[in-house]
Amino acid sequence: MKPDFTEIIAGYKDKPGGIIEAYHAVQRAYNYIPEEAVAEAAKVFGMSKAEAWGVATFYSYFKVGERGRYIIRVCESAPCHIAGAEEVIAALEKQLGIKMGETTADGKFTLEFTECVGQCQATPVITINSKPYFDVTPDGVAEILAQCN
Amino acid sequence: MAEEMRVLLPQENENLTDLQSYINAGGYKALEKARSTDRLSLIEEVKKSGLRGRGGAGFNAGMKWQFSYSVETEPKYVVCNADEGEPGTYKDRVLMQTVPHRILEGMAICGYAIGARQGYIYCRGEYPFVVETLNQAIKEAKDSGVLGDFDIEVRMGAGAYVCGEESALIESIEGHRGEPRFKPPFPPVKGLWGQPTIVNNVETLAYIPLIVEKGADWFKSIGAPSYPGTKLLTLTGDVVERKIIEVPTNVTIRQVIYDYGKGIRDGKKFKAVQIGGTSGGFIPEELLDTAIDFDSMSAIGATLGSGAVFVMDETRDIVDVVERITKFFEHESCGKCIPCREGTKRMHEMMERINHGKGSGDDLGKLERLGTVMSRACLCGLGQAAPAPVLTTLGHFREEYQAKLN
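Chains as they are written, first to last, in my numbering: chain X, -8 to 140; chain E, 106 to 511.
Chain E on its own, in the form it takes in the complex (with noise of 0.2 Å):
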């Protein structure tokens, strides 16, 4: 059986959820490190490491760091982007319930390096109970002191899927309706109520204290060169093993599915796979050698995203699945900008056509008009993505179109 990698998860059968059993394994040292360490030299440190976002964008992180390092304003805030709302994703819960302690340390790091003194967790409204951990968790450090002078308070979100994109997120932080903003300015310069804010996502703060402690090479040394590291992945769908898994990103697709998923259920063949969630694009066999880091899936026309793996075997119907996104993304457009209010309805609209035997074949050359004016015209990355699963499948998976045209 394949062995998984875990460097961020916990170990089989170790309890790291309360402030003692993260202290007795080591933790809070690397924010100890930190503070004795020159801020520059620490945002070096991150940057050398190559760690890059783990929310589906894919930003250097230490980089990103240096954009708020530089502006010299107060006061500067820490987000953690715990609004995991890509369907097929439940990794940053698995992190948050396990190992509450590494993401408050990790926020404290950044809030040190870029001079922030205070913090919020942005966690989904759809995590109630994660929400309750959290705040234990900011209970126990802040009372035992380990968090010095950082505050940390978590904000609920409440089921708008595009608040994942950090400046609709800090609108919703602000109290308002979670729509993007215009860029630029971008938070690191200009985010929470106009002040520098560092937006990471859950996976990559964890990441930090172990960044800190081990060093850059040591995290270089793990995956692929270009997005070095280890990955989570949640593998949902016709897959044997339907869990989550840690892998370093140099395994190839056909690994994930068949090695650590054990591949497809009842002894069906594989169809297709869609990775990084429902705005990932679908992937047939022939793509399956390809590595999961960031960059060897760009080159495919696909994503990593948020790392979520959704397996369909040959028996499902892809123009029905894609249908069913393409309804998702129309619910969850936020209306701001015309591309995407209007694109994702139109886009759906014609997908239940061709689904239902009403579409000719003209819909597809429209879907796929429609798609690229989409992927390049909307303003955020919502309605950007939202096109990925109508042309990747329209390319891969073409004849099951045709098959239902009027």
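So that you can see chain X by itself, here it is in the shape it has in the complex (with noise of 0.2 Å):
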């Protein structure tokens, strides 16, 4: 049973610019933000929803509208590109038969880009909820989706 957002939400009515931290509670406890929330949030922070829309929108880690229950980020900046990350990009999109941008049919799992997350020590990198995953192979893609239980 997730939280109500609207209780979420007012935790934070208080904290001056406090619309991107209510955000991101509410992400904590949906994994994505509901439309509802974001009109929620409008009213909250006495902004317009075009206002709110806009900052929920701006924002790539922020994602409105329903997403699986495991988001895996993908990082193809520089140093990732060059280490192998569209070879792993590959064996997950075969191991889940879905493309980057979609949702596994159950719900389950969500394929996402990203830029630099800062792990660079240990290209490819993917982040399965925020968690780094480091030195990341096409052949070891299916031990770690087999820890998302």
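FYI, nobody ran anything at the bench for these hints, they're computed from the structure.
Any given hint might turn out to be false.
In silico BS3-like pairs for lysine-lysine, Cα to Cα no more than 25 Å straight-line [what the hints assert, rightly or not]: (1) 247(E) / 6(X); (2) 432(E) / 90(X); (3) 6(X) / 432(E).
Just some of the chain X residues that point at chain E, by a computed CB distance under 8 Å [as the list claims (entries may be wrong)]: (4) 12; (5) 45; (6) 52; (7) 68; (8) 69; (9) 72; (10) 106; (11) 108; (12) 137; (13) 138; (14) 139.
Derived list of chain X stretches under chain E, where covered just means 3 residues or more per stretch with a C-beta under 8 Å from a C-beta of chain E [said to hold, decoys possible]: (15) 1 to 11; (16) 109 to 121.
Backbone N, C-alpha and C fix where the C-beta goes; we use that ideal spot for every residue, glycine too.
Both chains are given apart, each in its own frame, so use the hints to dock them into the complex.
Shown next as structure tokens:
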């Protein structure tokens, strides 16, 4: 049972400029930001819906609208690019049967691109729900996915 | 083996993460010393040390502080820029994970100097585990009373590279889209909620307690005279040792790659190195004997930037790497100003065309012209620096482009 986003957002009401922190909190609970939560945030922080929508969609870490329980983000910045990020992407797409940007039919996995996640000592890097995985190889993908339970 | 000079980073096997260990190692003494010093003399000392911003812009830190000090209004703010988004860079993460209190102490000293009682750390959204470490450190410091009346709050970024630009960062703390502001006024005069605000990089702030403790002369005696101190560098790509190092600013690029990084992987030959992050220039073999300090790098048309050192071996396809980089900038452009919004898009389009064998000789000239326009006309550093990888590779590795033309 997910907590009520109205309550979550209300907790940030008195924080100046707190809408981004509120979105983070909603996303921690839901893994994404429900569309209705954007309207709620607009009300709480005294901005127009358009403005609240503008904030939510400006930042690539936020996603308005449903996605999977495990968000897999693959870094495609230059150091990961030359270390073989594309092969890792191919392996992930094959294993999960979806393309980048899509969610599996059972709602378990979502594949996304990301830019540098600041772990370039061990490229290529992917993150699953923000946890980084290092030196990822196409062969190692199955084992990483198996850990998602 | 080349020895590092560890001033900011803990020594091997030294743990300074928690408050007690940090205090045992002499931590927070500098804050005490600063608070018993007259504010202007404190700022003079920081100025005299020659400490220049470690985030990439290289502005004299003490001079920046003086701008805020001189504005007689309240409140004022200290913001620690921990929105480390420059690809290939993770130095601030390591600093925050290993010496969080050194950063808090630096912020509190800055707060005292300019007359601010509130600080913010704007930490990138990709580092939720660092946010935990910082919150723990802030709690320890507040509970023990070492910070006095100075408060610090951590705010999380959410995956926007442009928020590393100080006025965009401020917009983001205020709860807006992270779009850079028109300047002037500059943040030290009119920043967060319209109040005087010092935005300093993590590495810059971490240096402050050391400068206060050991003095400006000590700091000035390290590294290159015009950009003194040590610099954190993160070695990535085809270098044998992919790691973080701390070295005096007068070491050369060649030393960094071959002595500290142990050379190129798998016995291959060097082709290029991009320093300062994805917005940095590409540097060929014949310029490797340049020192890494800010001004020496500028003199060869490159940058020290964030200190990322991205090494490419002889097998790497420069045009392909640069295409990837131009895609990055198209994605990260905030869209506020036209030269960047439109320029990054067209630049990526042309690079894609060339990389896929569909470019013409005309495209090279167009890339150069567009790049020059962007570097002069874009509103903020993002758009101004975005063409650097294209322009420097057209200069040093033009034959690789020509080989791919239709």
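We went through each hint and held it up to the structure:
1. 247(E) / 6(X): With Cα atoms ~19 Å apart, residue 247(E) and residue 6(X) stay inside 25 Å; holds.
2. 432(E) / 90(X): holds, 19 Å
3. 6(X) / 432(E): violated, 36 Å
4. 12: Check passed: Cβ of residue 12(X) comes within 7 Å of chain E, closer than 8 Å.
5. 45: It holds, given that the least Cβ distance between residue 45(X) and chain E is near 5 Å, below 8 Å.
6. 52: Holds, because the Cβ-Cβ distance from residue 52(X) to chain E comes to roughly 3 Å (cut-off 8 Å).
7. 68: OK, holds: residue 68(X) within 8 Å of chain E, min 4 Å.
8. 69: holds, 6 Å
9. 72: holds, 5 Å
10. 106: holds, 6 Å
11. 108: Because about 5 Å separates residue 108(X) from the closest Cβ in chain E, which is inside the 8 Å limit, the hint holds.
12. 137: violated, 23 Å
13. 138: Violated. Min distance 18 Å.
14. 139: At 18 Å from the nearest chain E Cβ, residue 139(X) fails the 8 Å test, so the hint is violated.
15. 1 to 11: holds (count 5)
16. 109 to 121: As far as the region 109 to 121 of chain X goes, the hint holds, because 8 residues have Cβ atoms under 8 Å from chain E.
Violated hints, listed in ascending order, are 3, 12, 13 and 14; each of the other numbered hints is respected by the structure.
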